[in-house]
Amino acid sequence: MKMKNSIALVLIVMFGIFLFHIYERYQTQTALNKTAAYYNSKAPAETGAANVVTSIVVTYRGLDTLGEVTVLFLTAMIVGYILRQRGKAKTPKNTTSEILITAANILIPGSIILGAYVFINGHLTPGGGFQGGAIIGTAIGLMILANPIGNIQKTALHYIESLSGFTYILIGLAGLILAGGFLDNRILPLGNLGELFSAGAIPIIYSLIGLKVGSELSSILASINETTNNTAKS
Amino acid sequence: MTLSIDKIALILGMVLMLVGLWGGFTQKNLLKIILSFSIFNSGLNILIVALGYLPGRTAPILEGDVVTPETLASVAIDPVPQALVLTAIVIGFGITALMLVFALKLNQHKKSLDINQYTDLKW
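For the protein sequence lines, the chains are F and G, in the order given.
Residue 339 is where the first sequence starts when you use the working numbering, and the numbers rise one by one after that.
Residue 1252 is where the second sequence starts when you use the working numbering, and the numbers rise one by one after that.
These are computed hints drawn from the structure, not numbers from a lab.
Heads up, a few of these hints could be off.
Straight-line Cα separation of at most 25 Å, DSS-like style, residue types lysine-lysine; simulated pairs [said to hold, decoys possible]:
(1) 342/F - 1258/G
(2) 342/F - 1283/G
(3) 1279/G - 340/F
(4) 342/F - 1373/G
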């Protein structure tokens, strides 16, 4: 046991020396590097999005984002597969405290609306599809906490997820035909900078990502909840 | 000695990474190992965001007369690390969720979260 701990200590000290060397040579930048200067000077004109980070995530690096969404989809699928249930088990009655149930009923609609607001305005304000989806996921998590035996319609979640993913790819292919390339946002007019309906396809793509991420997080939470319900019973 | 905000963030990120590494090596409880991984991940994200810092600049989002498309390149920070970290956070979430589910499944099999109970792959 002591031996193992000292090996760990040596490794951590080595890693610490490595990090210290990075820190020692680090100097605060005084000017933007080439890539950042390009994005900061061209992004608003080229994509019509007021948020440069969004235009990088959705348009310039759109393919990476597609891969990222695929990773989340894969996670949700693997979780669903590992935790699959054979036969429905009857669960005990709801023992959640009254305070939590009441508070959840007040908070859940607001959280879902906040999530939708965050992903619809992803091209104008800080936030976007992943953040909005995470907020919706927490709302569903609160719903599950307040009512653990309630039935979350996982089939509906899977439909929302698949449909939004499919539409996302269709929009990407439309960019290939109508505009400059895969996931190009200029298939729709860019509009006026700073308005809700601007930046071409970015608000649509980010809304679809928000729906997809929200339903994936919800289905992960629902799977875990069902499993823990059944284990608690047996 | 005064530290600028980016160096503070850099040190914070590096310390969190070391804490996470230490936890991953020494903890015996599966949940604590997963938590250590999450801490390491957060430290790395803070470090990457800190690298995009430029003193006295604002977020790369257009706003009124202060940040306009013309002035963006001279008043805003580097947007690339933020976009990268957004990806990293999502992937980190996916990995954490998977690890937690595996821990849940292992716990159902052996009714234990102690890593020393799982000797099947030990050599």
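Now the hints, each set against the structure:
The suggested pairing of residue 342/F with residue 1258/G is violated, with an alpha-carbon distance near 33 Å, which exceeds 25 Å. About 18 Å separates the Cα atoms of residue 342/F and residue 1283/G, which keeps this hinted pair within 25 Å; it holds. A threshold of 25 Å between alpha carbons decides the hint, and for residue 1279/G with residue 340/F the separation of about 14 Å falls inside it, so the pair holds. In summary, the hint linking residue 342/F to residue 1373/G is supported, as the alpha carbons are separated by about 14 Å, within the 25 Å threshold.
Violated hint: 1 only; the structure is consistent with all others.
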